[in-house]
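Enquirer: Take a look at the letters that make up each chain.
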Amino acid sequence: MLQAANLACARGGRAVLQGVSLALRPGEVLGVLGANGAGKSTLLAALAGELAPASGAVQLDGRPLAQWSAQALARRRAVLPQAPALAFDLEVDEVVRMGAYPFAELAPGPLADLAEHALELADAAHLAGRRHASLSGGEQQRVQFARVLVQLLACRAEGEYRALLLDEPTASLDPRHQITLLRAVSRLARAHGVAALVVLHDVNLAAAWCDHIALLAGGRLVGLDAPASVLTAAHLRAVYGLDAHVLEHPEQPGQPLVLFCAPPG
Amino acid sequence: MTDRARMLRRRPLLALPLLTAALGAHAAAPAAPRRVVSLGGVVTEIVHALGADDRLVGVDQSSLHPPAARALPQVGYFRSFAVEGVLSLRPDLVLASDQAGPPHALQQLRAAGVAVVMVASAPEVPALEQSIDTVAAALALDADGLARARELRRQLDAATQPVAHASQPRVLILSSHTGRLQAAGEGSAPHALLTLAGGINAFTQPGYKAISAEAVAAARPDAILTSTLSIHAAGGVAAFAAQPGVAMTPAGRAQRVIVLDDLLLLGFGPRLPQALEQVRAGLFGAAAARPS
Amino acid sequence: MASPATPRRRRPGRAAVLAALGTALLVLALAAASNGAMRIPFSRLPALMFGAGTGAEDALWRNVLLQVRLPRVLLAIVVGTGLAVSGAAMQALFRNPLAEPGLIGVSLGGALGAVAAIVLGAPGLAVIAPSAFAGSLAATLLAYRLGGRSTGVAGVLLAGVAINALCAAVIGLFTWQANDAQLRSLTFWNLGSLAAASWPLVAALAPWVAALSLLLLRDWRAMNALLLGEREAQHLGFALAALRRRLVVLVALLVGPLVAVTGTIGFVGLVVPHLVRLTLGADHRALLPASLLVGAIALTLADWLARIVAVPSEVPIGIITSLVGGPFLLWLLARRGTA
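Chains as they are written, first to last, in the numbering used here: chain E, 26 to 290; chain Y, 837 to 1128; chain H, 1231 to 1569.
Bound conformation, chain E alone (with noise of 0.2 Å):
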């Protein structure tokens, strides 16, 4: 399992998180939340394996990762980038078949079904045959999604453990496609065990989706529960500064509604 113990970062001698724990476990989805700067990217890149800890431990089954080699590691998490790029243009199948290469033993006729399966799950199998420069922005997150879900199932033994790591990835995403893919989320954390943490911005996102919310303000955790409890009016106000009603889903039961209130003047 994925966990940080009191976990302390630090970017350029500032401290940017302090006294974080938590455990990503399996089958469910956690989200992070909390205003700009207050830690979520580095908390992730934290849990990457991309920054090492000032103090505290990340650890994948028991061991740092400090210990593990960049493939061993890959071969049990993957994390979709906020941002996707690509320096030279290339088809979409040559994008996503490249989740892939932690896993050279997998043969070509799996990995071809594998590449299909995961289009499907990231709604672009439409996209199949394209060149992802030729996609528009949200197209290629999806695409970078399907290739991401390729390294998540490969080669899977049964009931393994593998995390899945998102950076804000509805950040390009209009509505329509924000569901879809958290919805995969959440079916990939049901059924198959995946473990996952989303970094989001939208509130009613995370308590849609997710299964425990972490709140992070001033890079310390002010509250890691369901959201239902979670959220709170004073949590939001200790995380984003702001005034917040916490309704009741008209649709959906005991799932919270947030609506933000605009400060006076």
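The hints are simulated quantities; they were obtained by calculation from the structure and are not laboratory data. Here the structure is a predicted model, which is why all the values come from computation and not from measurement. Note that CB positions come from ideal geometry on N, CA and C, so glycine has one too. Do not rely on the hints blindly, as some may be mistaken.
What the simulated footprint calls covered on chain Y by chain H, stretch by stretch (three residues with Cβ under 8 Å from a Cβ of chain H suffice, anywhere in the stretch; the number is not a length) [stated by the list, open to error]:
1) 947 to 956
2) 992 to 1000
One-sided excerpt, in silico: chain H residues whose CB lies under 8 Å from chain E [unchecked claim]:
3) 1433
4) 1468
5) 1507
Dock chains Y and H against chain E, hints included.
Expert: Okay, now just chains Y and H, sitting in the frame of chain E:
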């Protein structure tokens, strides 16, 4: 007695290059070589001076004199010539300046069975005389040719006799093609020419170096030796003498500028007597130019 | 919603393309070996190659064919291969189609070594080549050490630019001090030439270039992953620092000896991978082997041209690659736009 034996008796020096030619030739042609490739401007001039240019089938890029040589097939610059190009001319002799190269290419010529004779190129009179002898021997000249060789040597000996003069003028050897002045110093061909003519080089660094206008003025040369190309580039002798730095010198003020053709100035070859005559005329007046 | 679909372009299979390129290379090599300043009748060629023929003419032709031309054609293949595959690796590492091996200091470092040898010591390949190789390795090492401090490849790039500037300055110093003969040697070295080809040289370089090229080819997945960005390549399991070091070292070891032997031959490392990418796509699984072959083809062709356009003289090959490479790239870009 054969012509060759007579030649050997009169000119002991000739024996040495003959030996060199025999050792150097991979497959020495028993008859006189009739298809000759010359690598080096001075080498070509020597061949011409010996009256053998009808035997030339190819020259290098720097062989610009005589003008007829420019019409011959050209195999590249002698320091980096084309091997296959030379071989395609089917030479039975390659006369190469000792600066010709790369060494690997000369080896390839020899490996292909072509006689390659190296010709000394240092700007010194003994080296020049030796190269004339080397070329004459390699070409296996007939009586006419040998007579020309002798005459050439005689002219050289006469022209390079040191002559006493009342004064030794300070001279700067300048070139200026692109607006930047360059001077020639020790080790260069023009320097050797000047020294033989009886002048003193006011430039003390070796080789060709950039010289500032200030340094030209500080050198205070009595005369300036330059080439036609530099005069053209400046727009005439008056304009050349009026250049900054040059204008302040005794040479510039008196417009005492000796102009030689570029090839004559920069090469140290069989036309040395001509060059010496022109330089001496410029330095000491027409009467002093003729060798006694 | 979804953007309008562009028509699917059928790409020929990788194996078919490589086979076609390989065949083209073979045919070209044979043609280039059969043709040059010396007129050798086509009908005599097979006999000469296999040792028959006893006339004096035959001996000369055989000598030209086997000792002068064949090593040159082989050297062209070896050098073209090495330069092109290194260029492809550099373009992947820097994620930039304008990258080429010279960026990390290999070319100018090699030039500095050669110039130093020419001006301080004796000109002649035996002295120049080791000196040039040492220079290119030293420059690359320095660029890597200085640039490696910062994360990301931009550090190495900037350090390479600085090292190149320094090398150029010192080369300028040597040039200023050089005498006439040395200047001429310098100029010719800078224009590039395959004239140093000989069987011992080819026998030494070919296995070296083949081995290092194969090592580069092995990293095709890593280079593809780099296209996603350095962070994403790391996420996909490629240890960035080690990868960067490996690619830089391989390119330096591959290009250094080539520059040392042939002087500066420009454009091949830049244009060939770019050309291949424009026609075959950026997937390095095809790009790398195709660049190998196209590089060999390009340089064999360039050397052939160099040997026949100014018969009996030769044009330095660097001039041909620049004169042909530049406009060709422009034309290709005008037709297709960037990849």
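Enquirer: Indicate, hint by hint, whether the structure satisfies it.
Expert: A quick look at each hint next to the structure:
1. 947 to 956: With 3 residues in contact (Cβ-Cβ under 8 Å with chain H), the coverage given for the region 947 to 956 of chain Y holds.
2. 992 to 1000: Our answer is that it is violated, as 0 residues pass the Cβ test (under 8 Å) against chain H, missing three.
3. 1433: 35 Å, violated
4. 1468: 6 Å, holds
5. 1507: 6 Å, holds
Checked against the numbered hints above, the structure breaks hints 2 and 3 and satisfies the rest.
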